[in-house]
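Engineer: Next come the chains, spelled out residue by residue.
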Amino acid sequence: AQTVTQSQPEMSVQEAETVTLSCTYDTSENNYYLFWYKQPPSRQMILVIRQEAYKQQNATENRFSVNFQKAAKSFSLKISDSQLGDTAMYFCAFMKHGSNTGKLIFGQGTTLQVKP
Amino acid sequence: EAGVTQFPSHSVIEKGQTVTLRCDPISGHDNLYWYRRVMGKEIKFLLHFVKESKQDESGMPNNRFLAERTGGTYSTLKVQPAELEDSGVYFCASSQVDRGPKAFFGQGTRLTVV
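Chains as they are written, first to last, in the working numbering: chain A, 1 to 116; chain B, 1001 to 1114.
Hints should not be assumed to be uniformly reliable.
[As the list claims (entries may be wrong)] Heads up, simulated DSSO-like pairs for lysine-lysine below, C-alpha to C-alpha not over 30 Å straight-line: (1) B/K1015 / B/K1044; (2) B/K1015 / A/K96; (3) A/K115 / A/K78; (4) B/K1078 / A/K96; (5) B/K1044 / A/K96; (6) B/K1102 / A/K70; (7) B/K1044 / A/K55; (8) A/K73 / B/K1044; (9) A/K55 / B/K1102; (10) A/K73 / B/K1102; (11) B/K1041 / A/K70.
[To be verified] Partner residues are not named here, just some residues of chain A that face chain B (Cβ under 8 Å, in silico): (12) M45; (13) L47; (14) I49; (15) F68; (16) K70; (17) L84; (18) G85; (19) G102; (20) F106.
[Said to hold, decoys possible] Some chain A residues well away from chain B (every beta-carbon gap over 12 Å; in silico): (21) T5; (22) T18; (23) T20; (24) S22; (25) T27; (26) S76; (27) M89.
Just so you know, these hints were derived from the structure itself, not from any lab. Source: prediction; values computed, not measured. For each residue, glycine too, the CB sits at the ideal point set by N, CA and C.
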């Protein structure tokens, strides 16, 4: 069975600075997807970034980038130039490739506070 | 396009009562998922519909939970009778079959059983 672990329950960062959220996972699968989702307070969860395990290049979406270390089963999220709107709970998630269910396996979440 | 809509946004009920949560997926999305986050823990998968059929209900905790998706449109999740440990946030998500692994989530329903 797959597991996802986020070891940082809470983090804070000053506006305009860079922060990295950690995520590790365990799987025997060779091909899969990894995701970071963001849930702002009282709002819906949205996809921040997605990584396909067979791609060596780290995914990037504007200020958000990942450090995907397949051998170490690590998938950290780096937020550059943090903005107040980045304040949210961030969830790391795993999905088997080719899965006919699309079932996501989530970590426990990290609450990020961006301070002015 | 309208997103995934869940209601109510909050519900407080007494132990032993019945509660029904509703999810309206994005129009045209055949896949519909229910997830639950119990306080402080990870979000856990409950079940998956493809249109009106249950594709995977391996995450349903027990037979007090009943999910339906009549007509393959909106879905309901009924808890009867509710227990204290059912408290948490229930998320619904939907996706299109042919658009890859991208699920769109609702804002969740926070259920408190007292």
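Engineer: Compare the structure with each hint and give your call.
Structural biologist: Against the structure, the hints come out as follows:
Simply put, B/K1015 and B/K1044 have alpha-carbon atoms about 22 Å apart, close enough for the 30 Å limit, and the pair holds. Between B/K1015 and A/K96 the alpha-carbon distance is near 37 Å, which puts this suggested pair outside the 30 Å criterion. Proposed proximity of A/K115 and A/K78 is supported: the alpha carbons are some 17 Å apart, at most 30 Å. Between B/K1078 and A/K96, the direct Cα distance comes to roughly 29 Å. Compliance with the 30 Å bound is thereby established for this hinted pair.
Pair hint B/K1044 plus A/K96 holds up; C-alpha atoms about 15 Å apart against a cutoff of 30 Å. Note on B/K1102 and A/K70: the hinted pairing holds, with a Cα-Cα distance of about 21 Å set against a maximum of 30 Å. Between the alpha carbons of B/K1044 and A/K55 the distance comes to roughly 27 Å, so the proposed pair stays at or under 30 Å and holds. Taking the CA atoms of A/K73 and B/K1044, the gap is about 20 Å. The hint holds against a cut of 30 Å.
Taking the CA atoms of A/K55 and B/K1102, the gap is about 17 Å. The hint holds against a cut of 30 Å. Distance hint between A/K73 and B/K1102 is fulfilled; the C-alpha atoms sit about 21 Å from each other, no more than 30 Å. For the suggested pair B/K1041 and A/K70, the alpha carbons sit about 25 Å apart, so the restraint of at most 30 Å is met. Taken as an interface hint, A/M45 checks out: its beta carbon lies about 4 Å from the nearest beta carbon of chain B, inside 8 Å.
The criterion of a C-beta within 8 Å of any C-beta in chain B is met by A/L47, whose closest approach is roughly 6 Å, and the hint holds. Residue-level restraint check for A/I49 is violated (minimum Cβ-Cβ distance to chain B is 11 Å; threshold 8 Å). Below 8 Å, beta-carbon pairs count as interface contacts, and A/F68 has none with chain B, the closest being about 16 Å; its hint is therefore violated. With its C-beta approaching chain B no nearer than about 18 Å, A/K70 sits outside the 8 Å limit, and its interface hint is violated.
With a least beta-carbon distance of about 20 Å to chain B, the hint placing A/L84 at the interface is violated under the 8 Å criterion. Among the interface hints, the one on A/G85 is violated; its C-beta lies about 17 Å from the nearest C-beta in chain B, farther than the 8 Å criterion. For A/G102, the interface hint holds, the least distance from its beta-carbon to any beta-carbon of chain B being 6 Å, beneath 8 Å. Checking A/F106 against chain B: minimum C-beta separation of about 4 Å stays under 8 Å; hint holds.
Against the 12 Å criterion, A/T5 falls within the reach of chain B, whose nearest CB is about 9 Å from its own CB. Every beta carbon of chain B lies more than 12 Å from that of A/T18, the smallest distance being close to 26 Å; the non-interface claim holds. The Cβ of A/T20 lies farther than 12 Å from every Cβ of chain B, with a closest approach of about 20 Å, so its non-interface assignment holds. At roughly 15 Å, the least C-beta separation between A/S22 and chain B is larger than 12 Å, which holds for a residue marked as non-interface.
The Cβ of A/T27 sits about 15 Å from the closest Cβ of chain B, beyond the 12 Å cut-off, so the non-interface label holds. Every C-beta of chain B lies more than 12 Å from that of A/S76, the closest at about 17 Å, which supports listing it as non-interface. Its beta-carbon lying about 10 Å from the closest one in chain B, A/M89 breaks the requirement of being farther than 12 Å from that chain.
Checked against the numbered hints listed earlier, the structure breaks hints 2, 14, 15, 16, 17, 18, 21, 27; every other hint is satisfied.
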